[in-house]
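Given next are the chains, with one letter for each unit.
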Amino acid sequence: MSLTLVIGNKNYSSWSLRPWIAMTAAGIPFEEKLIPFETPEFRREAGPAAKVPLLIDGPIRVWESLAILEYLAERFPGAKLWPADIAARAHARAIASEMHAGFTALRGHLPVNFARKVMKRPLTPPVAADVARIEAMWGECHARYGGPFLFGTSFGAADAMYAPVVSRLLTYDVDVSPATRATMDAVTALPAWRQWRDAGVAEPWVYAEDEVDWPQVHRA
Amino acid sequence: MSLTLVIGNKNYSSWSMRPWIAMKANDIPFKEVLIPLYLPGSKEEILKHSPAGKVPILIDGDQQVWESLSILEYLAERFPDAKLWPSDARARSHARSISSEMHAGFMALRTHCTMNLWLPPKPRPATHTPEVMENLARIETIWSDCRKRYGGPFLFGKTFGNADAMYAPVVARFRNYGLPVTAETRAYMDAVMALPAWREWYDAGMKETWIMRHNEPDWPLVRGKPVE
Numbered sequence: 001m002s003l004t005l006v007i008g009n010k011n012y013s014s015w016s017l018r019p020w021i022a023m024t025a026a027g028i029p030f031e032e033k034l035i036p037f038e039t040p041e042f043r044r045e046a047g048p049a050a051k052v053p054l055l056i057d058g059p060i061r062v063w064e065s066l067a068i069l070e071y072l073a074e075r076f077p078g079a080k081l082w083p084a085d086i087a088a089r090a091h092a093r094a095i096a097s098e099m100h101a102g103f104t105a106l107r108g109h110l111p112v113n114f115a116r117k118v119m120k121r122p123l124t125p126p127v128a129a130d131v132a133r134i135e136a137m138w139g140e141c142h143a144r145y146g147g148p149f150l151f152g153t154s155f156g157a158a159d160a161m162y163a164p165v166v167s168r169l170l171t172y173d174v175d176v177s178p179a180t181r182a183t184m185d186a187v188t189a190l191p192a193w194r195q196w197r198d199a200g201v202a203e204p205w206v207y208a209e210d211e212v213d214w215p216q217v218h219r220a
Numbered sequence: 001m002s003l004t005l006v007i008g009n010k011n012y013s014s015w016s017m018r019p020w021i022a023m024k025a026n027d028i029p030f031k032e033v034l035i036p037l038y039l040p041g042s043k044e045e046i047l048k049h050s051p052a053g054k055v056p057i058l059i060d061g062d063q064q065v066w067e068s069l070s071i072l073e074y075l076a077e078r079f080p081d082a083k084l085w086p087s088d089a090r091a092r093s094h095a096r097s098i099s100s101e102m103h104a105g106f107m108a109l110r111t112h113c114t115m116n117l118w119l120p121p122k123p124r125p126a127t128h129t130p131e132v133m134e135n136l137a138r139i140e141t142i143w144s145d146c147r148k149r150y151g152g153p154f155l156f157g158k159t160f161g162n163a164d165a166m167y168a169p170v171v172a173r174f175r176n177y178g179l180p181v182t183a184e185t186r187a188y189m190d191a192v193m194a195l196p197a198w199r200e201w202y203d204a205g206m207k208e209t210w211i212m213r214h215n216e217p218d219w220p221l222v223r224g225k226p227v228e
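Chains E and Y are the protein sequences, given in the same order.
Per our numbering, residue 1 is the first one in the first sequence, and the count goes up by one each step.
Per our numbering, residue 1 is the first one in the second sequence, and the count goes up by one each step.
Don't take every hint at face value.
Unchecked claim - Mimicking BS3-like on lysine-lysine, the simulated pairs with C-alpha atoms at most 27 Å apart in a straight line are:
| no. | chain 1 | residue 1 | chain 2 | residue 2 |
| --- | --- | --- | --- | --- |
| 1 | E | Lys51 | Y | Lys122 |
| 2 | Y | Lys225 | Y | Lys207 |
| 3 | Y | Lys31 | Y | Lys43 |
| 4 | Y | Lys83 | E | Lys80 |
| 5 | Y | Lys43 | Y | Lys207 |
What the hints assert, rightly or not - Residues from chain Y that keep clear of chain E, each with C-beta distances beyond 10 Å, as calculated:
| no. | residue |
| --- | --- |
| 6 | Leu69 |
| 7 | Thr127 |
| 8 | Arg175 |
| 9 | Glu200 |
Everything labelled a hint here was simulated from the structure, so no lab data went into it.
All C-beta atoms, glycine included, are put in the ideal place defined by N, C-alpha and C.
Hey, can you work out the whole structure from these sequences and the hints?
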């Protein structure tokens, strides 16, 4: 009954944040194993696909953030990581998949970097299009399910998939609608969010490829 | 109880192929709506069905599901007897891991070896970049590991399921771009290509006439012949 979640650096690893925040917010106990990127240990420990996150449950190893969330939803049905209604669940999975495979312009231009000083970064047209799509998607979820999270009152797998986007929008001071800001505020008010962020900000590792101001490294 | 699947061109649309072949191979009845991609009006036509503006889209009454992987999840719930995911929890988590790995990964293979069923199969060394070869090695490991563990001929045993559907376009890529695959990989490809569902999709793709220049690596040759 003891789970281990292998993750990368908290400051930079957007994929690791997803299952970590889902589990922490839902009160699912687990042991955390943090392996900094670019170390021999990383290559050795990071699972069959050599990527984090990796969930270890006895003999079972689950990789890919989305597959881990599916596994957790089955293993802990009481956590209600997916909505109970089949139509809402299909909707949640569609936007979770859309995030999993998409928004590459946004992800490339605005890398997750909790420790960076909040400063505006101008958006390219493809990044602006990604932001517009995300705002439309979140707005539709709120209108349909009532908020404050995407599918109602509890933070679930779809919210977890988009948690790194909240960080990106904040760090690069992206102009968003008040409705989008309200979604971001609901996520950043979670104790799980603050716990991850504080740990990330305290980390010593700096990676040039994720520092958009390089060779400058701006810290708050 | 009537499903509609909105897809793109069969010759080129790898994402559309996934739910289509999963449904056909498992006798899940549906109506097909094909929207040829990248023509004037294509985008508007797709947006009528889904706000994400991408194919495939599954329509089930007033429910719209987009993204190939979430459509497969939806079908697995809706048609439990089709056993689209393995019934064992451990095997199921394995199937979901490799499906997600496909869904979000293997960018080099997808970029250099875009799906193109009518492309005459032969090695195209210019597309066999080191990154593509790394993708090939990882996929061969995934497939052989599954077939050893679950007995084949498909990834999780005797029936063609969601994980197979996610990798079906890869079978086409390996074939048309002549990637140097092992005999073991070839055996899996043969099992997939022997499915009546595969042949039905393939035959329909071969009859299409829409040409996408950016997906034709031998341009100005198309289907091995100069275009008019």
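Verification of the supplied hints:
no.	hint	result
1	E:Lys51 x Y:Lys122	violated, 33 Å
2	Y:Lys225 x Y:Lys207	holds, 16 Å
3	Y:Lys31 x Y:Lys43	holds, 20 Å
4	Y:Lys83 x E:Lys80	holds, 23 Å
5	Y:Lys43 x Y:Lys207	holds, 23 Å
6	Leu69	violated, 5 Å
7	Thr127	holds, 21 Å
8	Arg175	holds, 23 Å
9	Glu200	holds, 26 Å
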